[in-house]
Every structure is written in C-alpha cells, then in structure tokens.
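> So the chains spell out like this:
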Amino acid sequence: MADIRIQNLHKRFADFVAVRDSSLTLEDGKFVVLLGPSGCGKTTTLRMIAGLEFPNSGSITLDGQDVTYLRPRERDIAMVFQLFALYPHMGVRDNLEFPLRNEGLPRPEIDRRIKEVASILRIEHLLGSRIGGLAGGDRQRVALGRAIVRQPKAFLMDEPLGTLDAEFRELMCVELRKLHERLKTTTVFVTHDQNEAMALADQIGVMNQGEILQADDPEGIYNFPSCLFVASFIGRPPMNFLKVGSGVLPGMTDVPVDGAHVNVPEIDGVAEQAVLGVRPEHVQLVANGNGALAAQVKHVEYFGSHWIAELESAAGTLKAVVDKDLRPADGDRVGLQFNTERIVLFDAKTQALLPSASTRAHQPGMRHG
Amino acid sequence: MASITLQGITKTFGDVTAVRQMELAIGDGEFFVLLGPSGAGKTTTLRLIAGIEGPDHGRVLMNGDDVTNVAPAHRDCAFVFQQYSLYPHLTVFDNIAFPLRSPLRRTDPAEVKRRVREVAELLHIESKLERKATALSGGEMQRVAIGRALVREPRVFLMDEPLSSLDARLREELRVELKRVQQRSGATVVYVTHDQVEATTLADRIAILEAGAIQQVGTPQQIYREPDSLHVAQRLGSPAINVLPAEWFEGSCHPLAAHVAIRPEDVELSHGNGQASFQVIECSLVKHLVVAERAGVEVRSRRMFEHALAPGSAVRFHFPPQHCLFFDQSGRRLAAPH
Chain A
1 MADIRIQNLH KRFADFVAVR DSSLTLEDGK FVVLLGPSGC GKTTTLRMIA
51 GLEFPNSGSI TLDGQDVTYL RPRERDIAMV FQLFALYPHM GVRDNLEFPL
101 RNEGLPRPEI DRRIKEVASI LRIEHLLGSR IGGLAGGDRQ RVALGRAIVR
151 QPKAFLMDEP LGTLDAEFRE LMCVELRKLH ERLKTTTVFV THDQNEAMAL
201 ADQIGVMNQG EILQADDPEG IYNFPSCLFV ASFIGRPPMN FLKVGSGVLP
251 GMTDVPVDGA HVNVPEIDGV AEQAVLGVRP EHVQLVANGN GALAAQVKHV
301 EYFGSHWIAE LESAAGTLKA VVDKDLRPAD GDRVGLQFNT ERIVLFDAKT
351 QALLPSASTR AHQPGMRHG
Chain B
1 MASITLQGIT KTFGDVTAVR QMELAIGDGE FFVLLGPSGA GKTTTLRLIA
51 GIEGPDHGRV LMNGDDVTNV APAHRDCAFV FQQYSLYPHL TVFDNIAFPL
101 RSPLRRTDPA EVKRRVREVA ELLHIESKLE RKATALSGGE MQRVAIGRAL
151 VREPRVFLMD EPLSSLDARL REELRVELKR VQQRSGATVV YVTHDQVEAT
201 TLADRIAILE AGAIQQVGTP QQIYREPDSL HVAQRLGSPA INVLPAEWFE
251 GSCHPLAAHV AIRPEDVELS HGNGQASFQV IECSLVKHLV VAERAGVEVR
301 SRRMFEHALA PGSAVRFHFP PQHCLFFDQS GRRLAAPH
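Sequence order for the protein chains is A and B.
Per the numbering used here, the first sequence starts with residue 1, numbered consecutively.
Per the numbering used here, the second sequence starts with residue 1, numbered consecutively.
So here's chain A without its partners, still in its complex pose (with noise of 0.2 Å):
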C-alpha cells in the first residue's frame, strides 16, 4: 500500500519534451489510469514512477519517502507490461511461483503466497494443470495472479490489455476491476483506451503533449471537461461543438448559435468567442419546427440498442444517439432539443472550460499537484 506523489515533474529527451512541469497525487489504494494519445508522454510519467527513467527535475515520493533517483529495485513497486505471458511450458504453480523463486523466498512463505493467491483469484483447482490446456478465462486469472503474487506497494501497468481483441479485453477489464476491489493496491494504468479508463478508473489523468490536463474522477472528466482537449478526447461518438455567434457575458442563460437562441446553465465566466459543448446522447430528435435548432438527418446507423444519426444544421454537423424504438431515416427534417444543464462551454481562444451553474457544484475527484 502507498500513496505516491509526483511533483513538478520535467522530462526531456534531446530537445523533445515528454513531460512538462506535471504534478499529480495518487492516494494509496486507488486505480489511476493516465489517458492519452501516443506521443502524449503516459509511459515516460509511468516509467519515471517504476525508476526506469529519471526526470531532469521535479521529484517522486512513495509514502512520503523520496524515490525519484532510486533504482527500480529498491521501489518495491510492481511493472506489468504484458498480463499475457505466461510459461506455456510450465504449470500452472510453475508460474505463479517463478517470480517469487526470482526473490529468493523461502518455501513456506512461496506455499502461502499461491494458496492466497489461488484463493482469491478462485484459481485452486487448476494449480496442477499445464498452461497449454487452459481455457481463455481461466488463462487470464493465471496471468493475473504472476502479477500480484509479489505483493508489490503498487503496480504499475503499461498497456497491458493492447494485443487483446476488444471482447476479451472487456472481460479482462471486469477481472482487474473485482481484483482492485479485493487487494486495494495502488495502481498506475497507462492507456489511450478510453473506454478502458472510464471502465477501471477512481481517477484519470488526461494527458497531451507532456501535460497533464485534467486529473478528475471519470465523472468529472466526462461531464465537465476543463479544455476542448479533453472534451474531444473522451466520449464515443465525440461531443458537438458549435460556435457561439457572440461573446459570453456572466448571467447569460442563453447563447445564439446561428441565429437561433440556446439555452444554456447560467454562465459565470467572460469570452470574447465561445464554443458550445454537448454530447450526443444529450441531443434529442424532436418534431420540425420544435426544438432549438433545425436540422436534416444525412445518416443513420443501427447498433441495435440505439441508433446514431448524423445531423446537419446551419450551425454545422452534429451527431444524436436516438431511442432504438424510434426509426430516423435519412433526409427527414427534425428539430433539435439539448438538454440544458448538460451544455458546457468553452473559451474558443484559450480553450479552456467556462465556469457556469453546472461546473460550480463540481468539486474535482483529484488532487492535482
């Protein structure tokens, strides 16, 4: 168990910087998940977490210790790279125990560490089976427990669900969720999977060009993103935008956006040009002539659940996730209805989320430095 601190954080290789000023607090026994595209400078924060990197400045402490020059060894910390790979020529014991041989640990403790492990994974009957004839699921659970028979202070994990289909990775990532629940170890998943973080994570911390952007819970991070960034970033299909045709004042209650008036949750903040924000599944086909804004479907597609409809307004290309029960058919004119308290909006210069009625009660899942 730990709690990790990552302080003014700056990583640079040659005259590339991977990581800019970055300062971030894991509280012990939470599952963080850093987000963000490739290049954005995830693995290299991990990375100077594990000790496989160090910063040029900026400092990192496990339970209060300072650890930012210390060798991977003397962390205790755990690096998963790949939850996959197991010893197919070896037991199922064979390689659970590896790792813990690799320590030096005495019989007893090794016997008492896999019957634990075993148990808790629900894994004991096949501790005397061969790899090669083990079904997916239970595969899985084996590798699983390679990782945390160690009982490391934290485990660090690097992409490690990347090489899976997208069913299996699913279910894995229902498997490492129950096993956070039952262990409470501190964890640091990288990922640019955003379905995996919303699915996993306590907290994220959304990451781009070496910068952590927002450090949130997922709701935080969903409903109030803090810059187009990460509004664009998280959520499938991705949020709206449309321009505002006038810059916002505080008490506005509702914006135009091509002539038409939308209203928004009362504004707190000034911009001299702003962006409107709304999800699609916050957009709803109402009657032509009803609603805030006009609109012609292009085209929709059938997921069985829902249908998404590709919409265009004067104001630009939205898209709507409609009811499976109502049937959108390319062309008809429908009029557009948002729902109002989940509108945010933007600075279009700084790109910044603007302050309003809905982001004031929000307080922040993380601390962020």
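Straight-line alpha carbon distances no greater than 20 Å define the calculated PhoX-like cross-link-like pairs of lysine-lysine that follow:
1. B:LYS287 with A:LYS178
2. B:LYS287 with A:LYS324
3. A:LYS178 with A:LYS115
4. A:LYS298 with B:LYS179
5. A:LYS178 with A:LYS153
6. B:LYS113 with B:LYS132
7. B:LYS113 with B:LYS128
8. A:LYS153 with A:LYS184
9. A:LYS349 with A:LYS243
Facing chain B, a subset of chain A residues (Cβ under 8 Å, in silico):
10. MET198
11. ALA199
12. PRO218
13. GLU281
Rough simulated footprint, nothing fancy, chain B against chain A, three-plus residues with beta-carbon under 8 Å:
14. 175-183
15. 228-242
16. 289-303
Keep in mind the hints are simulated off the structure, nothing from the lab.
Glycine included, each C-beta is placed from N, C-alpha and C at the ideal position.
Chain B: place on chain A using the hints.
Quick look at chain B alone, frame taken from chain A:
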C-alpha cells in the same frame, strides 16, 4: 447487378463440413451480411458464390441462371479482402485502372480515365491518384482496394472482412462510406464479418452463421428484437444480452423457460425495496453502463447516469416483463406468457 441463390449447398474439406445444406436467397441490390465466429463457414460461402470453390452438393444461381459449373472469371464477382493486395510499384491510378486494362476488358484509355476518376471521387482519394500505393496510409490503401473492385462494375461484390485490419476511427469512417457507395451504385454486396457493429450498421439483411449452418436470416432489427434462439440473441448487441436464471422470475415466467434474457438498455434501475440487491462491479459514464453481480450472475444495464455508482455499492434492478425473452433448456425461443 444480380440476385444470388444458394440451393442445398454442402461443402466438406476432408472430415470437416464447412457448409451444411445451405439455402439462401440474396436480392438484387441488397447489402447482405454473413455474420459468425471464425470457422462458421462465412468465407467458404463467399468462395462458393465466387466459384473459387465448387460445392459437393447443391446449386448456385445468379439472376436465376445456374452458375454452379461456371468459371469464376465468367461469374463477374469482385472480391475485396481484409489484406489489401495492391501492386506496390504502381500508382493509385494504375492500381484502380488495372482490372479495366486486363485482356478480358481492354477498355478505351479515355474511358479508363473517366471511370477511375469517378471511383476515386466516390472514395475521396482523387488527390492521391498520382501517389505510389506504398505511400498511402492503411485506410487509403483499403479505399484503393475497394476502388479497384468498384471500377469493374461487377455483378456482385464479395467482401471478406474488408475493414478489420483498420483502426477503430478509420473503420467507422469507411463503414459509412461503404454503405453510401453501395446505396448510390445499387450494387449487390455479400459481406463477411465477425463484427456485429458492422453487421447491424451496414446490412439490409443479416444471416447468422454457426458451424456451417444458417441460424436465422432477417433485417438487423428483426434479428435484434426477435431472435429465434438464445444463441442468436447473444450474437447481436453490445454489451451482450443479459441471460438470467428462470428462478428469478417465478410466477411471471414461461413454465418451460430455463433462461430469461433481457437487453441491457431495457434493464431499469429500481428504487423499490421489493427487488433483490446486486453489487456494483463497474459503472462507466462513457458507455452509460453499470455491471453488477448477484450469486455469480452478472447483470448489465445501459442507462443515462447522472452520477457514477461506486464499485462495491448496492443497486437494484427492474426487468420489465414486456422486454423479457424466454428460452428453453436447448436455447429455443418460447412465446411470452400472457
């Protein structure tokens, strides 16, 4: 353009029956998807239509004519594979033009130019025509491969997982484009995939294939709403349909039912105390999904949450009877009780 009929087709490879007694009628201009796991016989079916394989029994008809013994070249089907096989030393233009310049066709150069341009515009690659095929991204290469099939104006397009080697974003983009191109050209497409999203978004009709046999044929909505078997019910829908023990539904359940299935978007959160309580495993605001467990059974509910439910907390569900599907021990669908 052509309709395709398969009559009593069986194809074996050694001891393995790849396709068993298949009956299928694909309409002219239809986007028809064969959906199933690997080994279900999808690709073999496609190869039988193309004439690359001959059936052990049965007949293949195109526009009503028996083509069972007609050579592939004369069936006039264009194939698009998962792995785009372009000629790396040729430009995009020459790759697309290639089928038109074959000795069988020998198209007039002005006509070649016109058709290549037309296809390139349709696929939004008109600015890439002078590039070498190797200088393209994966998505662009697959567009060129599709373009090379389109330019021939064949009677039928046969597509074998054409999008599966592309990343998610490109796949989404090309999916929309493929559907648009097919609608505009009116071509008959037989499309093989194991991806249910491709199936529901692209298909006019879907055939669910399993172990060489067709389980059900219908529009995406028919198959999603009215599956004939538990197996078919589990083939479509993401997250997958919930399969719950019949004991949970005592009194409100078909007497022969062994399983009750309900789609995640139909499972409601309940605030009453009457229902049993489940333990939350996962709650995702992005997927609008909560996964919870009771007695080893996982339940998924797809809802618009205002706030995420904490893992480990308790939640209650309501399973509206009008959305429940009942299946017997063998997985056959039972009529709803009244």
